[in-house]
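A.B. asks: Chains as they are written, first to last, in the working numbering: chain A, 1 to 118; chain B, 1 to 341; chain C, 1 to 155; chain D, 1 to 158.
No lab work stands behind these hints, which were simulated from the structure alone.
Predicted model, so just to flag it, every value in this text is computed and none were measured.
Think of the CB as a built atom: it goes at the ideal place given N, C-alpha and C, for glycine as much as any other residue.
Wrong hints could be hidden among the right ones.
[What the hints assert, rightly or not] Every beta carbon over 10 Å from chain A, so not counted as near; a handful from chain D, in silico:
hint	residue
1	Lys-7
2	Met-8
3	Pro-10
4	Lys-13
5	Gln-16
6	Thr-17
7	Leu-18
8	His-22
9	Leu-24
10	Asn-58
11	Gly-156
12	Val-157
[Unchecked claim] Below, a list of computed lysine to aspartate or glutamate pairs in the EDC-like style, where the Cα atoms sit at most 16 Å apart:
hint	chain 1	residue 1	chain 2	residue 2
13	C	Lys-92	A	Asp-55
14	B	Lys-176	B	Asp-11
15	C	Lys-84	A	Asp-55
16	D	Lys-129	B	Glu-143
17	C	Lys-96	A	Asp-55
18	D	Lys-13	B	Asp-194
19	A	Lys-117	B	Glu-143
20	B	Lys-257	B	Glu-247
21	D	Lys-7	B	Asp-194
22	B	Lys-52	D	Glu-117
23	B	Lys-255	B	Asp-230
24	C	Lys-149	C	Glu-74
25	B	Lys-3	B	Asp-221
26	C	Lys-108	C	Asp-54
27	A	Lys-117	B	Glu-48
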Amino acid sequence: MLAMFFWAFVVGGLICVVGQLLFDVAKLTPGHTMSLLVVIGAVLDGLGLYEPLVDFAGAGATIPITSFGNSLVHGALQDAQAHGIIGVLTGMFQVTSSGISAAIIFGFIGALIFKPKG
Amino acid sequence: MLKGQQSWVFDNRPMITATGVTGGPFEANGNLSSDFDLLYDDLWMGQESYEKAHRLLLEEAIKVALKKGEIEKDQVQFLFAGDLINQITPTSFAARTMQIPYFGLFGACSTSMEGLALSSFVVNYQGANYVLTGASSHNSAVEKQFRYPTEYGGQKPPTAQWTITGAGVALVETNKPGQDNPVTTSATIGKVIDMGLSDPFNMGGAMAPAAADTIIAHFRDLKLDPSYYDLIVTGDLGRIGHNTTAELLNKSGLKLKQGQFQDCGLLMYKEDQPVMAGGSGAGCSATVLYGHLLNEMKKGTYKRILVVATGALLSPLSFQQKDSIPCIAHAVAIEMNGEKG
Amino acid sequence: MKATYRWIIWMSLFFLAACTQNQPVKESQLALMKTTNPTPLTTERKKNRNRAEDIKKDVSSLPEVYDVAVIKGEKDTLVVYKVKHMQRFKMKTIEKNLNKKLEEKHPKENFTVSSDYKIFLEAVRLNEKIKSGSLSHSKAENRLEEIVKMTEDMK
Amino acid sequence: MASKQKKMTPQQKNYQTLQQKHELKRPVLKNCIKAFLVGGLICLIGQAVSYFYIYYFNFTEQNVGNPTVATMVFFSMLLTGFGVYDHIGQFAGAGSAVPVTGFGNSVISAAIEHRTEGFVLGVGGNMFKLAGSVILFGVFSAFVVALIKTLLVMWGVL
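Sequences are here, hints too, so could you generate the full structure?
C.D. replies: Below you can see the structure in the form of structure tokens.
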């Protein structure tokens with residue numbers, strides 16, 4: 001378990017370093033960087049590499065935004081196994097990443113109770 | 001009177017009799033807080049939105065200027081003002097409140113000198129007896145429009161600049177000999193210069209060539225030597241733009257003394273305030289000039305100054321469409337009354 | 001800025017409060033922290049422990065695996081284990097191989113194999129309850145079925 | 001980028017080299033270390049949250065990701081609402097932007113910011129102005145990847 005914490009920290013930190021390098025060296029905007037990372041996550045899952053990383057690093061792999069692409073591909077592939085090519089589409093419709101739902105719900109609640117501090 | 005290619009000389013020496021300067025909480029902690037007439041300790045200023053707070057900043061600055069100038073608002077002929085927000089609504093709405101005939105100006109952060117040059121011109125040729133001119137910006141309103149939501153945790157690079165919250169307004173009127181007030185003596189209107197820089201987090205670097213171009217044009221048109229001025233101050237170039245401009249001027253053969261060349265964006269804040277490369281925004285040159293610099297002139301620290309306000313004429317749209325950042329700079333020379341130029 | 005500090009203090013108090021809520025420490029609470037190595041158990045009335053022990057030995061012989069718990073029920077046999085951290089990349093393969101190996105060796109048993117921490121935790125908790133004798137046979141069997149079902153939902 | 005370089009006049013090029021001399025360099029190494037530490041810390045907290053859910057609720061390692069992510073976004077809402085997250089962001093850069101808390105922050109900050117324009121046009125219309133591209137590229141790339149993989153499996157390549 002302690003090893004798990006350690007690797008969550010290291011892997012999560014390293015993914016953030018990749019993001020920082022995209023900011024500072026490639027001079028990408030945050031929007032471009034995040035989009036790129038999500039695509040990388042999706043491709044890694046397509047290659048079957050992201051799942052082992054989640055096994056290895058736990059939250060270190062599920063908390064970074066890359067896991068968003070991973071979970072979407074996962075949902076689509078699951079349905080595809082059951083229903084073939086149509087499953088890719090229906091699978092996409094069924095998975096809503098918990099991150100998006102949570103962001104929508106808490107975003108709205110936030111707008112109800114908070115004011116920007118400037 | 002036109003002199004040279006792009007400069008005016010104001011023979012009748014329009015006089016800046018009163019100013020009003022308002023600021024926000026961040027400026028209250030800055031270097032120049034004692035030069036503000038009114039400081040708010042909350043960015044909302046009791047309003048429902050940042051844009052309304054922005055409007056209030058300008059309204060209050062106008063009221064202070066009128067009060068200090070001991071004049072009613074219906075005696076003022078014109079208002080020349082502008083800001084950075086879409087369609088300069090905060091300024092126009094403030095003009096609605098004040099009910100003064102109004103010219104809305106947009107020159108980004110160069111608006112302050114654009115307004116002062118035009119006001120001086122109008123007053124110089126008896127187009128008006130009293131004119132108000134000013135510029136304002138509100139950090140959160142500007143961030144919201146040009147960058148990201150204020151609470152968004154994006155990292156700003158060290159080249160970024162901090163938009164100031166503040167409004168500076170000056171009352172310009174016909175010269176009354178014997179009064180010990182600053183007067184405007186000449187102005188140089190700049191052309192739009194684009195050196196192909198496109199990083200909106202490095203405005204200073206983009207604006208530097210425009211500032212240098214206008215300063216060089218000013219000395220060429222008026223056939224003056226830089227040593228004529230005690231101080232040449234740029235609007236909001238920040239650290240990078242300021243150093244770059246200094247080098248450009250040096251290369252062109254204009255010799256400036258140590259400390260003679262400064263920047264409003266650098267004067268405004270303390271070293272330890274997290275403003276990265278310095279302050280910026282339409283209100284930056286307006287508050288520093290109409291507050292700090294004119295106070296210093298009255299104290300006798302400076303006799304003749306040249307204020308060069310620079311503006312980056314971009315919009316969020318033009319940046320997203322990968323356009324570069326065109327820039328402009330206007331210069332106005334201010335002297336103490338009685339000093340013969 | 002003052003609000004910022006207030007928040008940091010508030011949050012740390014929150015976490016501290018969460019930490020101090022710990023009840024008296026049971027073995028199962030530390031199940032994920034350290035190697036528990038629970039004795040293999042069965043919920044069967046016949047107390048046929050030997051079979052369970054055999055299974056445990058078989059699983060423990062795998063080099064990638066440590067800390068094995070086996071609970072043998074009437075219908076299913078639950079085998080849970082922890083994978084050495086550097087081997088976790090290959091977790092799915094290990095699971096598959098283990099399943100195959102066990103099924104070849106003990107063809108009569110119906111195995112449920114899992115390396116999930118949650119299943120491990122529940123297995124240890126059940127193990128403790130059975131050992132302390134607070135659970136009747138049928139109840140233990142029911143709980144075991146619940147855990148087995150949980151692993152099936154995961155897939 | 002390349003196309004822009006071509007259009008530049010020699011004068012512009014000259015100036016840009018001159019300007020670059022004065023440009024303050026981004027402290028890349030320092031930024032990376034800060035991003036690593038803060039990003040790692042956020043993931044560490046995420047791991048602690050997920051163990052919390054495993055211990056006290058019926059979540060397995062496989063599906064604990066969902067409540068963990070939701071909880072992290074909740075923390076992100078509090079930090080954004082109290083005006084702390086933008087300060088963390090300035091310090092940590094990608095360290096606080098890449099974790100899902102950063103995604104939450106981009107949605108929540110936009111929602112709070114545009115509240116003054118009303119709930120329908122302001123909050124609703126602007127909520128995803130930053131995060132929208134992440135969702136777009138996430139969903140579309142997932143679709144493409146899943147489609148390719150499914151086709152490859154169907155044709156027996158994999």
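A.B. asks: All hints are to be evaluated individually against the structure, with a verdict given for each.
C.D. replies: Structure-based check of all given hints:
{"no.": "1", "hint": "Lys-7", "verdict": "holds (19 Å)"}
{"no.": "2", "hint": "Met-8", "verdict": "holds (17 Å)"}
{"no.": "3", "hint": "Pro-10", "verdict": "holds (24 Å)"}
{"no.": "4", "hint": "Lys-13", "verdict": "holds (18 Å)"}
{"no.": "5", "hint": "Gln-16", "verdict": "holds (14 Å)"}
{"no.": "6", "hint": "Thr-17", "verdict": "holds (17 Å)"}
{"no.": "7", "hint": "Leu-18", "verdict": "holds (19 Å)"}
{"no.": "8", "hint": "His-22", "verdict": "holds (17 Å)"}
{"no.": "9", "hint": "Leu-24", "verdict": "holds (12 Å)"}
{"no.": "10", "hint": "Asn-58", "verdict": "holds (16 Å)"}
{"no.": "11", "hint": "Gly-156", "verdict": "holds (14 Å)"}
{"no.": "12", "hint": "Val-157", "verdict": "holds (13 Å)"}
{"no.": "13", "hint": "C/Lys-92 - A/Asp-55", "verdict": "holds (9 Å)"}
{"no.": "14", "hint": "B/Lys-176 - B/Asp-11", "verdict": "holds (13 Å)"}
{"no.": "15", "hint": "C/Lys-84 - A/Asp-55", "verdict": "holds (12 Å)"}
{"no.": "16", "hint": "D/Lys-129 - B/Glu-143", "verdict": "holds (15 Å)"}
{"no.": "17", "hint": "C/Lys-96 - A/Asp-55", "verdict": "holds (15 Å)"}
{"no.": "18", "hint": "D/Lys-13 - B/Asp-194", "verdict": "holds (11 Å)"}
{"no.": "19", "hint": "A/Lys-117 - B/Glu-143", "verdict": "holds (13 Å)"}
{"no.": "20", "hint": "B/Lys-257 - B/Glu-247", "verdict": "holds (13 Å)"}
{"no.": "21", "hint": "D/Lys-7 - B/Asp-194", "verdict": "holds (13 Å)"}
{"no.": "22", "hint": "B/Lys-52 - D/Glu-117", "verdict": "holds (12 Å)"}
{"no.": "23", "hint": "B/Lys-255 - B/Asp-230", "verdict": "holds (13 Å)"}
{"no.": "24", "hint": "C/Lys-149 - C/Glu-74", "verdict": "holds (15 Å)"}
{"no.": "25", "hint": "B/Lys-3 - B/Asp-221", "verdict": "holds (6 Å)"}
{"no.": "26", "hint": "C/Lys-108 - C/Asp-54", "verdict": "holds (14 Å)"}
{"no.": "27", "hint": "A/Lys-117 - B/Glu-48", "verdict": "holds (13 Å)"}
The structure fails none of the hints (numbered hints given earlier).
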